[in-house]
Amino acid sequence: MTNLAVDLPGLTLKNPVMPASGCFGFGREYSEFYDLNQLGAVIMKAATGDARDGNQIPRVAETASGMLNAIGLQNPGVEKIIANEVPFLSGYDVPVVANVAGSTVGEYVAVASTFNKVKSVKALELNISCPNVKDGGIQFGTNPDMAAGITEKVKEASNLPVYVKLSPNVSDIVAMAKAVEQAGADGLSMINTITGMQINLSCGKPLLANQTGGLSGQAIKPIAIRMIYEVKQQVNIPIIGMGGISTAEDVLEFLLAGASAVAVGTANFQNPYVCPEIIKDLPDILQQYGFDSVNDAIGKGHVA
Amino acid sequence: MTNLAVDLPGLTLKNPVMPASGCFGFGREYSEFYDLNQLGAVIMKAATGDARDGNQIPRVAETASGMLNAIGLQNPGVEKIIANEVPFLSGYDVPVVANVAGSTVGEYVAVASTFNKVKSVKALELNISCPNVKDGGIQFGTNPDMAAGITEKVKEASNLPVYVKLSPNVSDIVAMAKAVEQAGADGLSMINTITGMQINLSCGKPLLANQTGGLSGQAIKPIAIRMIYEVKQQVNIPIIGMGGISTAEDVLEFLLAGASAVAVGTANFQNPYVCPEIIKDLPDILQQYGFDSVNDAIGKGHVA
Amino acid sequence: MKKCVEMTVHSIQQVAFNTFEMTLKNTYIAQVAMPGQFLHLMAEGHTLRRPLSIADIDRRQETITILFKQIGQGTKQLADCREGMKLDAIGPAGYGFSYDKSMKTALLIGGGVGIPPLYFLGKELRRHGVHVKAVLGFQSEKHVFYEEKFQGMGETYVMTNDGSYGNRGFVTDGVDLSGTFVQYFSCGPIPMLQAITNKLKDHPGSISLEARLGCGVGACFACAIPANLEGGYRKICTDGPVFAAGEVVL
Amino acid sequence: MKKCVEMTVHSIQQVAFNTFEMTLKNTYIAQVAMPGQFLHLMAEGHTLRRPLSIADIDRRQETITILFKQIGQGTKQLADCREGMKLDAIGPAGYGFSYDKSMKTALLIGGGVGIPPLYFLGKELRRHGVHVKAVLGFQSEKHVFYEEKFQGMGETYVMTNDGSYGNRGFVTDGVDLSGTFVQYFSCGPIPMLQAITNKLKDHPGSISLEARLGCGVGACFACAIPANLEGGYRKICTDGPVFAAGEVVL
Ligand SMILES: Cc1cc2nc3c(=O)[nH]c(=O)nc-3n(C[C@H](O)[C@H](O)[C@H](O)COP(=O)(O)OP(=O)(O)OC[C@H]3O[C@@H](n4cnc5c(N)ncnc54)[C@H](O)[C@@H]3O)c2cc1C
Ligand SMILES: Cc1cc2nc3c(=O)[nH]c(=O)nc-3n(C[C@H](O)[C@H](O)[C@H](O)COP(=O)(O)OP(=O)(O)OC[C@H]3O[C@@H](n4cnc5c(N)ncnc54)[C@H](O)[C@@H]3O)c2cc1C
Ligand SMILES: Cc1cc2nc3c(=O)[nH]c(=O)nc-3n(C[C@H](O)[C@H](O)[C@H](O)COP(=O)(O)O)c2cc1C
Ligand SMILES: Cc1cc2nc3c(=O)[nH]c(=O)nc-3n(C[C@H](O)[C@H](O)[C@H](O)COP(=O)(O)O)c2cc1C
Ligand code: FES
Ligand code: FES
Numbered sequence: 001m002t003n004l005a006v007d008l009p010g011l012t013l014k015n016p017v018m019p020a021s022g023c024f025g026f027g028r029e030y031s032e033f034y035d036l037n038q039l040g041a042v043i044m045k046a047a048t049g050d051a052r053d054g055n056q057i058p059r060v061a062e063t064a065s066g067m068l069n070a071i072g073l074q075n076p077g078v079e080k081i082i083a084n085e086v087p088f089l090s091g092y093d094v095p096v097v098a099n100v101a102g103s104t105v106g107e108y109v110a111v112a113s114t115f116n117k118v119k120s121v122k123a124l125e126l127n128i129s130c131p132n133v134k135d136g137g138i139q140f141g142t143n144p145d146m147a148a149g150i151t152e153k154v155k156e157a158s159n160l161p162v163y164v165k166l167s168p169n170v171s172d173i174v175a176m177a178k179a180v181e182q183a184g185a186d187g188l189s190m191i192n193t194i195t196g197m198q199i200n201l202s203c204g205k206p207l208l209a210n211q212t213g214g215l216s217g218q219a220i221k222p223i224a225i226r227m228i229y230e231v232k233q234q235v236n237i238p239i240i241g242m243g244g245i246s247t248a249e250d251v252l253e254f255l256l257a258g259a260s261a262v263a264v265g266t267a268n269f270q271n272p273y274v275c276p277e278i279i280k281d282l283p284d285i286l287q288q289y290g291f292d293s294v295n296d297a298i299g300k301g302h303v304a
Numbered sequence: 001m002t003n004l005a006v007d008l009p010g011l012t013l014k015n016p017v018m019p020a021s022g023c024f025g026f027g028r029e030y031s032e033f034y035d036l037n038q039l040g041a042v043i044m045k046a047a048t049g050d051a052r053d054g055n056q057i058p059r060v061a062e063t064a065s066g067m068l069n070a071i072g073l074q075n076p077g078v079e080k081i082i083a084n085e086v087p088f089l090s091g092y093d094v095p096v097v098a099n100v101a102g103s104t105v106g107e108y109v110a111v112a113s114t115f116n117k118v119k120s121v122k123a124l125e126l127n128i129s130c131p132n133v134k135d136g137g138i139q140f141g142t143n144p145d146m147a148a149g150i151t152e153k154v155k156e157a158s159n160l161p162v163y164v165k166l167s168p169n170v171s172d173i174v175a176m177a178k179a180v181e182q183a184g185a186d187g188l189s190m191i192n193t194i195t196g197m198q199i200n201l202s203c204g205k206p207l208l209a210n211q212t213g214g215l216s217g218q219a220i221k222p223i224a225i226r227m228i229y230e231v232k233q234q235v236n237i238p239i240i241g242m243g244g245i246s247t248a249e250d251v252l253e254f255l256l257a258g259a260s261a262v263a264v265g266t267a268n269f270q271n272p273y274v275c276p277e278i279i280k281d282l283p284d285i286l287q288q289y290g291f292d293s294v295n296d297a298i299g300k301g302h303v304a
Numbered sequence: 001m002k003k004c005v006e007m008t009v010h011s012i013q014q015v016a017f018n019t020f021e022m023t024l025k026n027t028y029i030a031q032v033a034m035p036g037q038f039l040h041l042m043a044e045g046h047t048l049r050r051p052l053s054i055a056d057i058d059r060r061q062e063t064i065t066i067l068f069k070q071i072g073q074g075t076k077q078l079a080d081c082r083e084g085m086k087l088d089a090i091g092p093a094g095y096g097f098s099y100d101k102s103m104k105t106a107l108l109i110g111g112g113v114g115i116p117p118l119y120f121l122g123k124e125l126r127r128h129g130v131h132v133k134a135v136l137g138f139q140s141e142k143h144v145f146y147e148e149k150f151q152g153m154g155e156t157y158v159m160t161n162d163g164s165y166g167n168r169g170f171v172t173d174g175v176d177l178s179g180t181f182v183q184y185f186s187c188g189p190i191p192m193l194q195a196i197t198n199k200l201k202d203h204p205g206s207i208s209l210e211a212r213l214g215c216g217v218g219a220c221f222a223c224a225i226p227a228n229l230e231g232g233y234r235k236i237c238t239d240g241p242v243f244a245a246g247e248v249v250l
Numbered sequence: 001m002k003k004c005v006e007m008t009v010h011s012i013q014q015v016a017f018n019t020f021e022m023t024l025k026n027t028y029i030a031q032v033a034m035p036g037q038f039l040h041l042m043a044e045g046h047t048l049r050r051p052l053s054i055a056d057i058d059r060r061q062e063t064i065t066i067l068f069k070q071i072g073q074g075t076k077q078l079a080d081c082r083e084g085m086k087l088d089a090i091g092p093a094g095y096g097f098s099y100d101k102s103m104k105t106a107l108l109i110g111g112g113v114g115i116p117p118l119y120f121l122g123k124e125l126r127r128h129g130v131h132v133k134a135v136l137g138f139q140s141e142k143h144v145f146y147e148e149k150f151q152g153m154g155e156t157y158v159m160t161n162d163g164s165y166g167n168r169g170f171v172t173d174g175v176d177l178s179g180t181f182v183q184y185f186s187c188g189p190i191p192m193l194q195a196i197t198n199k200l201k202d203h204p205g206s207i208s209l210e211a212r213l214g215c216g217v218g219a220c221f222a223c224a225i226p227a228n229l230e231g232g233y234r235k236i237c238t239d240g241p242v243f244a245a246g247e248v249v250l
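Residue numbers (our numbering), protein chains in the order written: chain R, 1 to 304; chain D, 1 to 304; chain A, 1 to 250; chain C, 1 to 250.
Keep in mind that the hints are not guaranteed to be accurate.
Here are the simulated distance ranges between beta carbons [stated by the list, open to error]:
| # | chain 1 | residue 1 | chain 2 | residue 2 | range |
| --- | --- | --- | --- | --- | --- |
| 1 | A | E83 | C | S11 | 23 to 33 angstroms |
| 2 | D | K205 | R | V174 | 47 to 57 angstroms |
| 3 | A | G45 | R | V303 | 16 to 26 angstroms |
| 4 | A | K86 | C | T27 | 29 to 39 angstroms |
| 5 | D | V105 | R | V174 | 24 to 34 angstroms |
| 6 | D | N236 | R | P87 | 52 to 62 angstroms |
It is worth saying that the hints were derived from the structure and are not from the lab. Think of the CB as a built atom: it goes at the ideal place given N, C-alpha and C, for glycine as much as any other residue.
Input sequences plus hints: build the corresponding full structure.
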């Protein structure tokens, strides 16, 4: 039998496939389509200290093989997430990853430490790469020193493994990865969306109310693969890979590039069953290309 | 009548549409499909000091709504280009732009100054953003000081207007644009390709012999539009826009974002007639969205 | 369990300028759909699905009717569909119209492609014995569709912006012609809904909103709009698309 | 002027495992194409065109035959085409086989989907009175196609890797069976061409290469490979796909 299990810091995964943050809410909606117990893990929508309203609509636009979003971290705030959302996910036998965001280092630290007491949350994903908010988010994600600083502070405050989610909007992704590795990150999560824009010809102005948005979907897959490949050669912490995954073949490509697990975002919108379908197809695809387990394939795409 | 003409430093264009560097050779091949006199201008394939062999094949891969290339600046060298290629293009009533590349500042300067004597070459496009060569190219394009330095030196050596071609593989595109503007650039050309990778599942290794390649085509259009929009708000030199253009509607989107003219790359491979078709469609599209001329539309997508 | 179902194109025809009527066969949706709900339809090769309101249902034939305007690539692809082709849809999606079945008279106010869900609603209201009147707004004569169908349910006032058909004017003008009613139900572009809710602020009403959707199932927050009274927000895709007039900030 | 033409699918059928034969109607290409040239075919929704060799031409019916293996998305789309559908092609592209029409005997050596261009070549050679022999290599029995057609032109030796049909072995083994000839013509994967050109280094030969193409018209340098003797390079899409054995570095 093909072994799909992977062990990562804090995360004992029965398979390497999890929905990506922000594309799966807090799990309720897709639980109406299928049994979430099939998933490797669930990454929740970003949590901030207080509730956030997010940006004005329109918040999404379609692009060639992709989409732009500018949700703006709308969420009910960390306390309400823990009170109202985590208990639902705790009902499943699936590790929960909390995506942590904020405008200041203090907010990140506060949100992160609030999850210390929550048993079913097994790891944090530190979102220093959201392109859609004015303060915080992407600044932290494009400056290695700031990224390292915030990682250190969150590590001090949290008793959970921390996966730092890297922004692709940088000149040197390896420098970012090394900086947060040295600052104590337990893992990396890459990539977040790439900043983009669409102009609506009918009104002659940017379509999104926020003007810019984050590009996701199949269009960005080659960029994600490249960044993971480069980073894998230079860091020793595991990588959760994402960016345009919609098939089991895509998952294998990410594993070969160096990801130890993967997240699926935009593809959920096309096909609500995409995660369980990928999980079902993965054993055959691994076998077809000569691998007996997920662990076998990780990083095997690297040229000696 | 809709006025398609645009005047840029060195370039008096009857329309704003030109084939992009590297996607049109030196014009001969597509001249077998249509009369090149229809074009606004032609941007030639990169020229280096000596002939270059480029990378091993495979040099291209297909991606979702895009492609990767790692040609590696193969070209016969600047002298041979001037001797054997430019005369052919000089036979047309179309301004020629020379794309200048190199591994050292010295090589850039040498190549640039060699074009001083060539009458039909009306402007230089300074390619400091090629992701597919080991030395030079992209380093110059991701460091504002190096970019400014090379721009200054080339400006000193050349009697032609210089359009600096920016790399999108940067954290801060506006900083790059400002640096080269201050260094004397006459215009900008943006964007070059985004570094990406594809892993070939059949052999389990990167498909391109060069491992990484530059992503082009419709997939990158939202990134190009965003970068041009951001740069337009901060610099005063004109922008030649490119990245995923394949229709007259796309051209209008680039004009609204702030481009004064556009280049079409990858789309030539799908449809060899794409440039003349866009030029034919452009007047109607401009009219449909309320513009009487190309000049009218430039930068009109900006929110007050 | 929510469902993503395969639907079979049963018929397609053009009913007005760039406007198409398509019937789709699917047992499940035909059995459970309510007026105001929509299908979130996949158009092959596109990243986002297209939301289209359910305009009618034939529970015996198990067919669902949608009416749509061809705007961009996705609706063009739908317009090019032929009988027998399969379409993938999430549905029935959203939360539809609620109403008091014992109400005497209902006024339906639709603009352009906001009209389809009102037809399904009108039929259901009639089934419960509610008297139905309709005001339908179109750009011009060539855009008019379904006038006879609404006439068949009750008095119908057609308005065109340019007066090329029916009465010249907006649906707000049409409301003046239509006389008394208990509750109104409206669907159309946001500016129209703003005008209607302003004009009819003393009447109970329900409005159905359009917005660009991401997931269409409530997971991505693409469609969240501020709620009016107690603060917070509503998701158009799952809390709506139908809201009580005044419930959300337009 | 080079041309990008619209071709109409005239027929399509499966001829072996995952292998399809398609005939396309187009006057221009049917009139001018030469053996070794290819069509650079657009598969809707894809960024790059697919190069497929011309396997036969019926100048009277004005049809062109191609034979292709379904590998990825593009060839799957082609395999799903039905009679009457339109395909957009650049062609005839590339530089085909050249040969001495007075030659006595030619040996055709094809592996898998390298076989199609050799059929067109063989027919032309026969038309000029050249005696033709063929060695055809396939993975296994279920991959075999066009054996009878080649038998109709001359002695044909079918090789399969696993011996499930014809002779067990590689095309190089087949060459040993085939006896004498003046010139050879070979098309197949690069390792096969390396083996053949090594084995037959004392014979004049022509080889047709495969590579991932960009433009397909000579403009993008995606397909440039080093030339052997006087240095420089050759573009597979326009200088080739056919080269003299030894002309390029394999
Ligand atoms: C709940 C709901 C019900 C609807 N019912 C109908 C109906 O019955 N008939 C009808 O003709 N139209 C209806 N619409 C509008 C319809 O969804 C859009 O016209 C359609 O999605 C446009 O797709 P396109 O491919 O033509 O446009 P494109 O411009 O190619 O679409 C690009 C993206 O923008 C979205 N988009 C573009 N315009 C709109 C819009 N006006 N509203 C929402 N999304 C948009 C598309 O869904 C897609 O994601 C409804 C919208 C919603 C939210
Ligand atoms: C001059 C020439 C003639 C050819 N003649 C034939 C023929 O007669 N019959 C036949 O079955 N095949 C032939 N091939 C190979 C054929 O082009 C590929 O099998 C086909 O392009 C694969 O497309 P896909 O969509 O199935 O694969 P995908 O993997 O989806 O293609 C992705 C990209 O890679 C390219 N690609 C993938 N494999 C190859 C390959 N082996 N060679 C070149 N490009 C490739 C595709 O064109 C496309 O750009 C020829 C190739 C060349 C260069
Ligand atoms: C609508 C939407 C909302 C998102 N929200 C978040 C978020 O709250 N936190 C976060 O770290 N990433 C967020 N992302 C980024 C995704 O988690 C993921 O990194 C990215 O979309 C690339 O994966 P994909 O191409 O599979 O979607 C969001 C993406 C989308 C499309
Ligand atoms: C095959 C290929 C070769 C290219 N060669 C060059 C080059 O020599 N010099 C250069 O400045 N840009 C080169 N480019 C980049 C294009 O000029 C253009 O900036 C980029 O492809 C984005 O435009 P597009 O999406 O329309 O292709 C090349 C692109 C491709 C696809
Ligand atoms: S569209 Fe995703 S929540 Fe409404
Ligand atoms: S494929 Fe472009 S030069 Fe050959």
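Consistency of the hints with the structure:
For E83 (chain A) and S11 (chain C), the Cβ-Cβ distance of about 25 angstroms falls inside the hinted range of 23 to 33 angstroms, so the restraint holds. As the Cβ distance of K205 (chain D) to V174 (chain R) is approximately 20 angstroms, the hint placing it in 47 to 57 angstroms is violated. The given range of 16 to 26 angstroms is broken by G45 (chain A) and V303 (chain R), whose C-beta atoms sit roughly 33 angstroms from each other. The hint said 29 to 39 angstroms for the Cβ distance between K86 (chain A) and T27 (chain C), and at roughly 37 angstroms that hint holds.
A beta carbon spacing of about 25 angstroms between V105 (chain D) and V174 (chain R) agrees with the range 24 to 34 angstroms that was offered as a hint. Distance hint check for N236 (chain D) and P87 (chain R): the Cβ-Cβ separation is about 57 angstroms, which falls inside the suggested range of 52 to 62 angstroms.
Violation of the numbered hints given earlier is confined to hints 2 and 3; the remaining hints are satisfied by the structure.
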